[in-house]
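Enquirer: Single-letter residue listing:
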Amino acid sequence: MNKIKVGIIGTGNIGTDILLKLKRSENLECGMFAGRNPDSEGIKLAKRLGINTSTKSIQAIIDNPDCCDIVFDATSASIHKEHAPILKELKKYTIDLTPARVGKMCVPVINMEECLSEDNVNLITCGGQATVPIAYAINQVHPDTKYIEIAASISSKSAGAGTRNNIDEFTQTTRDALQEFTSVEKSKAIIILNSANPPVNMRNTVYALIDHPNMDEIKKNVNEMVHKIQKYVPGYHLLYEPVFENGRVSTAIEVIGLGDYLPKYSGNLDIITCAAIEIAQAYAKKLIYQRRD
Amino acid sequence: MKKLSFIDATLRDGSHAIKHQLTVSNIENYCIEMDSVGMDTIVVGHGNGLGASSLQVGLSLLSDYEMIHTARKYLERTKLGVYMIPGFGTIHDDLEPAINAGIDVVKIGCHCTEADTTRQHIEFARNADKEVYGVLMMYHMASINKLLEEVQKMESYGAKGVILMDSAGASTMEMVKKTVATLSENVNIEIGFHPHNNLGLAVANAYTAIQEGATIIDGTVKGFGAGAGNCQLEALIAVLEKNGYATNVDLYKLLDVNDNIMPQISNCIGGLDSLSIVSGMSGVFSAFKIPVLKAAKQFDVDPRDIFNELGRRKAVGGQEDMIIEIAEQLSNPLGSNEDDLTYQIGSLL
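Sequence order for the protein chains is A and B.
Here the first sequence stands for residues 1 to 293, where the numbers follow the working numbering.
Here the second sequence stands for residues 1 to 349, where the numbers follow the working numbering.
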C-alpha cells in the first residue's frame with residue numbers, strides 16, 4: 001500500500017516523538033523533518049535514522065513542496081501563526097501541535113470526522129487532549145454542569161522550550177477548549193510543572209460542579225470515554241473513577257507514555273502526538289481512497 | 001547602604017490562613033490604615049496569586065478584580081501590586097485586566113527551577129510600564145548555582161528584581177546567608193526574600209538576607225499566613241530600627257494595624273502581639289507587659305512609649321516600680337524634670 005508523506009516542522013520533544021511514532025504507521029511516512037537548530041537531539045536522531053532533514057524550518061517545505069501532503073507543526077504558537085497561511089497556500093493538511101489555535105480545535109475521540117475537511121486543525125494542548133474528553137463525557141450526562149476545572153501536572157523534564165515559552169497560550173487555550181467542547185459557561189485550567197526527580201508521570205484532575213450529580217451515569221460515560229481514548233493512547237487510564245466529594249465531582253487520569261522519544265513519564269507527549277498521528281492516519285486513508293478513484 | 005523596600009503580602013499570602021475569605025471591608029479598613037504606614041507595595045489577590053481561585057487550591061470569596069478595585073480606592077501613597085503564577089493565571093484572563101484596573105507592581109512567580117515560564121508575563125508587564133519582579137518559589141529545593149541561572153534568566157526578561165520565596169519555611173540563617181550573598185554578588189538587579197516562619201526563623205532570615213545584600217523583604221502584618229505564617233513585618237522593622245537601618249516605615253502606625261485591623265480579619269492569627277515586639281525591641285523584660293498596660297490605661301498614655309522609655313533607662317527585672325513613674329511623666333511632659341530623673345535613675349543602676 002502506498003504511504004502518504006508527512007512533514008514535521010520543529011525538532012524538539014514533540015516533533016521527534018511524532019517521527020518515532022510514524023515508524024509504526026501503516027499509511028504514513030516522514031518526507032521531511034525540519035527545524036532550525038542543527039545541534040538538536042531530534043535532528044541528530046533523524047539523520048541516524050536516514051530521514052530527510054533540514055535546518056531551514058518551513059523553508060524546506062516551500063523549496064520542496066512535494067516532500068509531503070500533511071504537515072505536523074510542532075514549533076511554537078507564535079511561529080505557527082506565521083506558518084499557517086504559508087501551509088494553506090501550499091495546500092498542506094496542517095496539524096498544529098502548538099496552542100496557536102489558528103484552525104479548528106480537534107480532539108479525535110470527539111470531532112475527528114469533521115476536522116478532516118478542514119485545512120488546519122489545532123490539537124489544543126496535552127492537558128486539553130487529556131481532560132477535554134472527560135469534561136465532555138461528564139457534560140453529556142449533565143448538560144447542567146455549572147463549572148469545569150482541570151489541573152494538569154507534568155514533569156519539568158518533559159516540558160520543552162516550546163511549552164515553556166508558550167505557557168500562557170497553553171493555559172489559556174486549555175481553558176478555552178473546555179468551554180468550546182462543552183456547554184459549561186465557566187471553566188478554569190491549571191498547569192503545573194513538577195521538577196521532582198525521578199520525574200513524575202503526567203497527571204490530570206478534572207473537577208465539576210453539578211447540583212445533583214448522577215454518579216452512576218457519570219462513571220459509566222467517563223469509563224466508556226477512557227476506553228475509546230485508550231485505542232490511540234494506550235497509556236491513558238483513570239487513577240480514580242469519578243467521585244462526589246466536598247460538593248464537587250472529581251476524577252483523575254494518568255498518562256503513561258510509550259517511551260518513544262522521552263521516557264514513559266512523558267505521557268504529556270504521547271497524549272498529543274498519538275492524537276496527531278490518529279488524525280493524520282484518518283486523513284491519509286481519505287487521501288488514498290480519493291486517489292484510488 | 002542600599003535602600004530597603006517592603007512588600008506587604010498580608011492581603012495576598014496572608015489570606016491562606018482564612019481560606020481566601022477576605023471581605024471588602026477587611027480590604028478597605030486595612031488599606032485605609034496601611035496607606036500612611038510607609039510600606040512600598042501592598043499586594044492583593046488570591047493567596048496563590050491572580051487566577052488561582054479554584055477547586056484545586058481553594059475558591060476565594062472575592063474575585064481578584066474586586067480585591068484590586070477595592071484596594072485601589074484607598075491606596076494613594078502605597079503602590080498596589082499583584083502576584084501571578086503562570087499556569088494558574090493567564091495574560092488575557094488575569095494579568096491584563098489587573099493592569100487595566102490600575103495596579104502598579106507585578107510579581108511573576110514560578111517553581112525555583114522554571115524561570116523560563118515567566119518570560120511572557122514579565123515582558124508583558126514591562127511593556128505595560130509596570131514595576132516587575134520575578135519570584136522563585138520553594139528556593140530551598142535548588143542549588144545556589146541553579147538559582148543564579150534562574151535569577152539571571154529573569155533579569156534578562158526585564159525583572160527589576162528577583163524575590164526568593166522560602167515557601168516551606170525550610171531555611172536556616174546559614175542557607176539564607178550563602179544564597180543571598182552569592183546572588184547579590186553576581187547579578188545587577190535587586191534580590192528580595194520572602195520568609196516563612198515554620199522554624200521560627202522568619203524574621204531572623206529576613207534580617208540575615210538584608211545583611212547579605214537583599215533589598216526587598218516580602219512579609220505580612222502579624223505574620224498572617226498559612227501554617228506557621230510569614231515574616232512578621234512589625235518585628236522585622238523593629239529589628240532594623242534597633243540596628244540602625246533607615247526605613248520609611250512608621251513602626252507605631254504599623255503596630256496599630258496589628259492591634260486594630262488584624263483582629264477584624266481573623267481572631268485566630270498567630271504571630272506576636274505588638275507589645276511583645278516593642279518589649280523585645282526595647283530590651284525590656286516581657287513580664288512588664290501587664291503592669292505597663294495598666295499604667296498606660298491609668299495615665300492615658302501609649303504603652304509602647306512606656307516600654308521604649310523603660311528601655312532607654314535600662315530597666316532591669318524587678319524594677320516594675322519605674323512604670324508608674326514613667327507613665328505619669330509621659331502623661332504630663334511639661335511637668336517632668338527629665339534630666340534630674342535620668343540622673344537619679346542612672347545613679348541607682
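What the hints contain is simulated information worked out from the structure, not anything from laboratory work.
Here a beta-carbon is modelled for each residue, glycine too, at the ideal position from N, C-alpha and C.
A hint or two may mislead.
Using 20 Å as the maximum straight-line C-alpha spacing, the simulated DMTMM-like pairs for lysine to aspartate or glutamate come out as follows [stated by the list, open to error]:
#1 A:186 <-> B:76
#2 B:253 <-> B:28
#3 B:19 <-> A:245
#4 A:186 <-> B:96
#5 A:157 <-> B:131
#6 B:297 <-> B:325
#7 A:91 <-> A:66
#8 B:253 <-> B:93
#9 A:157 <-> B:66
#10 B:79 <-> B:96
#11 A:186 <-> B:174
#12 A:146 <-> B:93
#13 B:79 <-> B:116
#14 A:228 <-> A:278
Away from chain B, derived, C-beta distances all over 12 Å, residues of chain A [stated by the list, open to error]:
#15 2
#16 103
#17 169
Label-pair distances were calculated between CB atoms; the ranges are [to be verified]:
#18 B:267 <-> A:227: 49 to 55 Å
#19 A:212 <-> B:276: 48 to 54 Å
#20 A:59 <-> B:127: 48 to 54 Å
#21 A:59 <-> B:245: 57 to 63 Å
#22 B:92 <-> A:37: 26 to 32 Å
Enquirer: Now tell me if each hint is right for this structure.
Expert: So, going through the hints one by one against the coordinates:
1. A:186 <-> B:76: It is violated: about 35 Å lies between the C-alpha atoms, which goes past 20 Å.
2. B:253 <-> B:28: Holds: residue 253 of chain B and residue 28 of chain B sit about 16 Å apart, inside 20 Å.
3. B:19 <-> A:245: 18 Å, holds
4. A:186 <-> B:96: 19 Å, holds
5. A:157 <-> B:131: Judged against 20 Å, a Cα distance of about 31 Å means the pair is violated.
6. B:297 <-> B:325: 14 Å, holds
7. A:91 <-> A:66: 11 Å, holds
8. B:253 <-> B:93: 36 Å, violated
9. A:157 <-> B:66: 38 Å, violated
10. B:79 <-> B:96: 17 Å, holds
11. A:186 <-> B:174: Violated - the C-alpha atoms of residue 174 of chain B and residue 186 of chain A are around 47 Å apart, more than 20 Å.
12. A:146 <-> B:93: 19 Å, holds
13. B:79 <-> B:116: With Cα atoms ~27 Å apart, residue 79 of chain B and residue 116 of chain B exceed 20 Å; violated.
14. A:228 <-> A:278: 12 Å, holds
15. 2: Fine: 43 Å to the nearest Cβ keeps residue 2 of chain A off the interface.
16. 103: 19 Å, holds
17. 169: 8 Å, violated
18. B:267 <-> A:227: 49 to 55 Å: Since the Cβ atoms of residue 267 of chain B and residue 227 of chain A sit about 52 Å apart, the hinted range of 49 to 55 Å holds.
19. A:212 <-> B:276: 48 to 54 Å: 52 Å, holds
20. A:59 <-> B:127: 48 to 54 Å: 30 Å, violated
21. A:59 <-> B:245: 57 to 63 Å: With Cβ atoms ~59 Å apart, the hint holds.
22. B:92 <-> A:37: 26 to 32 Å: 30 Å, holds
Checked against the numbered hints given earlier, this structure breaks hints 1, 5, 8, 9, 11, 13, 17 and 20; the rest are met.
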